[in-house]
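The hints should help you fit chains B and C onto chain A, whose structure is shown.
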Amino acid sequence: MSRIEDRLASLGITLPQPASPVANYVPFRRIGNLLVISGQICLGPDGVLNARHKGKLGGTVSAENGAEAARFCGLNILAQIKAALGSLDKVASVVRLGGFIAATPDFTALAGVMNGASDLMVEVFGEAGKHARSTIGVPVLPLDCAVEVEAMIEIAP
Amino acid sequence: MSRIEDRLASLGITLPQPASPVANYVPFRRIGNLLVISGQICLGPDGVLNARHKGKLGGTVSAENGAEAARFCGLNILAQIKAALGSLDKVASVVRLGGFIAATPDFTALAGVMNGASDLMVEVFGEAGKHARSTIGVPVLPLDCAVEVEAMIEIAP
Amino acid sequence: MSRIEDRLASLGITLPQPASPVANYVPFRRIGNLLVISGQICLGPDGVLNARHKGKLGGTVSAENGAEAARFCGLNILAQIKAALGSLDKVASVVRLGGFIAATPDFTALAGVMNGASDLMVEVFGEAGKHARSTIGVPVLPLDCAVEVEAMIEIAP
Chain A
1 MSRIEDRLAS LGITLPQPAS PVANYVPFRR IGNLLVISGQ ICLGPDGVLN ARHKGKLGGT
61 VSAENGAEAA RFCGLNILAQ IKAALGSLDK VASVVRLGGF IAATPDFTAL AGVMNGASDL
121 MVEVFGEAGK HARSTIGVPV LPLDCAVEVE AMIEIAP
Chain B
1 MSRIEDRLAS LGITLPQPAS PVANYVPFRR IGNLLVISGQ ICLGPDGVLN ARHKGKLGGT
61 VSAENGAEAA RFCGLNILAQ IKAALGSLDK VASVVRLGGF IAATPDFTAL AGVMNGASDL
121 MVEVFGEAGK HARSTIGVPV LPLDCAVEVE AMIEIAP
Chain C
1 MSRIEDRLAS LGITLPQPAS PVANYVPFRR IGNLLVISGQ ICLGPDGVLN ARHKGKLGGT
61 VSAENGAEAA RFCGLNILAQ IKAALGSLDK VASVVRLGGF IAATPDFTAL AGVMNGASDL
121 MVEVFGEAGK HARSTIGVPV LPLDCAVEVE AMIEIAP
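Residue numbers (the working numbering), protein chains in the order written: chain A, 1 to 157; chain B, 1 to 157; chain C, 1 to 157.
Extracted from the complex, chain A is given alone in its bound form (with noise of 0.2 Å):
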């Protein structure tokens, strides 16, 4: 067993089946020991976008619920990188995380939203895991789901 997969038995995680994309792209592309993943959103361990997870935040979906979903678009993530690179102990860093936040113009708790994703990260790949990071509200996201978290990851050599 692979010393990150084995933190991740150790915390619960279950990483779900990597996500197809809902159109003509991939999910992850490689520039030098640069990993570029799709922006990922917010289905879970099912593979299946939940109720609580659509909509917006300041509308139907709570901070906790939003915050949860900003966790599962980092475990979608987790899902990409092992696809991408056979391992997680292939993680170098996670050098930057995008977070997309489905929000009402009047929702400005974002970056408690986001640390669904970041404190995941942390948690995985201890000071690895720590990243660089812009969060935004957007009025929209694919499927009208509540978040979408895309990302920047150093491959180790």
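Everything labelled a hint here was simulated from the structure, so no lab data went into it.
Since the model is a prediction, treat every value here as computed from it, not as a measurement.
Among the hints, a few may not be true.
Calculated pairs, DSBU-like style, for lysine-lysine (alpha carbon to alpha carbon, straight line, at most 30 Å) [to be verified]:
no.	chain 1	residue 1	chain 2	residue 2
1	A	130	A	90
2	B	54	B	82
3	A	130	A	82
4	C	54	A	82
5	B	90	C	130
6	A	90	B	130
7	C	54	C	130
8	B	54	C	54
9	A	54	B	130
10	B	54	C	130
11	C	130	B	82
12	A	130	C	54
13	B	130	A	82
14	C	130	A	90
15	A	54	B	54
16	B	130	A	130
17	C	54	C	82
18	C	130	B	130
19	A	54	A	82
20	A	130	C	82
21	C	54	A	54
Relative to the frame of chain A, chains B and C by itself:
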């Protein structure tokens, strides 16, 4: 004639003039073998923003016209790549597209709109054109255009 | 005194303290010669979000105050670069700025607002400060700030 421009010709595609930035920046920057292209708005091949590509998806812009707008963004990206590298044959891969779709909060069919840009890359570059991608709705874009697309390109050695 | 800090002094610019992330992430990550800076919000040189930089363009924030907010984001980026590299002289080029402007759906003059950040980079770094750029409107940003800017920087060898 170059290999890729030969394909463009067979597809009946004429590249537009690369658009000048509308403000104090440059259309692309290179770092190592990575070419970063500024967000390209949906100006037509004649350099003009057509009325049907102005406004929002879910508002006055139809899904079909939105996809055409995304394709125009893609054509402008191709024009910038050629301006940057001299030839489209220097493209090793399209690493990432970032798609920004001006949309009302209830327009969730964003992926299909963005396919206008993604499909173009695959038509032109084949497997090398398959890219990582993030697509988000936004409330408004510069000049009230309907779509803006940015790109990261891997340059061949 | 360093070359670039000498220029800052001649421009009358004092760098702010680098802002601490408001959540579980880090302000920058380096991969090879690429420095990725987290989205910086428009906190003033005193570390405080001024009331005139809170809210939305097209709402309570004027275009002039929006451009000042973008400049403040740029100053915070400079502070993070110095924290990351020790000296601004280590900047080979500003590769990309990503500008997020909190705006009402009818505010289309986004480019002029973002120029507040872009102009600063060119004032400080000259030709090396000219960057690729994407600018988008967003419905809301963390802490209700008016502007957030992220950056990619090329590090000199």
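Here is what the structure says about each hint:
Of the pairs offered as hints, the one joining residue 130(A) and residue 90(A) holds, with about 16 Å between alpha carbons and a cut-off of 30 Å not exceeded. The hinted pair formed by residue 54(B) and residue 82(B) meets the criterion: a straight-line CA distance of about 26 Å does not exceed 30 Å. Of the pairs offered as hints, the one joining residue 130(A) and residue 82(A) holds, with about 18 Å between alpha carbons and a cut-off of 30 Å not exceeded. Proximity of residue 54(C) to residue 82(A) is assessed by CA-CA distance (about 41 Å); at most 30 Å being required, the pair is judged violated.
A distance of roughly 23 Å separates the Cα atoms of residue 90(B) and residue 130(C); the hinted pair therefore holds under the 30 Å criterion. For the suggested pair residue 90(A) and residue 130(B), the alpha carbons sit about 23 Å apart, so the restraint of at most 30 Å is met. Restraint check for residue 54(C) and residue 130(C): the C-alpha separation of about 28 Å stays at or below 30 Å, so the hint holds. For the proposed pair residue 54(B) and residue 54(C), the alpha carbon gap of about 28 Å is at most 30 Å, so the pair holds.
The suggested pairing of residue 54(A) with residue 130(B) holds, with an alpha-carbon distance near 28 Å, which does not exceed 30 Å. The straight-line distance between the Cα atoms of residue 54(B) and residue 130(C) is roughly 28 Å, inside the 30 Å bound, and the hint therefore holds. At most 30 Å may separate the alpha-carbon atoms for a hinted pair to count; residue 130(C) and residue 82(B) meet this at roughly 19 Å. Of the supplied pair hints, the one linking residue 130(A) and residue 54(C) holds, its CA atoms being roughly 28 Å apart against a limit of 30 Å.
Restraint check: the Cα-Cα separation between residue 130(B) and residue 82(A) comes to about 19 Å, which is no more than 30 Å; the hinted pair holds. In summary, the hint linking residue 130(C) to residue 90(A) is not supported, as the alpha carbons are separated by about 35 Å, beyond the 30 Å threshold. At roughly 28 Å between alpha-carbon atoms, residue 54(A) and residue 54(B) fall within 30 Å of each other, so this suggested pair holds. For the proposed pair residue 130(B) and residue 130(A), the alpha carbon gap of about 29 Å is at most 30 Å, so the pair holds.
Taken as a hint, the residue 54(C) and residue 82(C) pair is honoured in the structure, with Cα atoms around 26 Å apart against an allowance of 30 Å. Proposed proximity of residue 130(C) and residue 130(B) is supported: the alpha carbons are some 29 Å apart, at most 30 Å. Among the hinted pairs, residue 54(A) with residue 82(A) is consistent with the structure: their alpha-carbon atoms are about 26 Å apart, no more than 30 Å. Using a Cα cut-off of 30 Å, the hinted pair residue 130(A) and residue 82(C) holds, with the two alpha carbons roughly 19 Å apart.
Proximity of residue 54(C) to residue 54(A) is assessed by CA-CA distance (about 28 Å); at most 30 Å being required, the pair is judged to hold.
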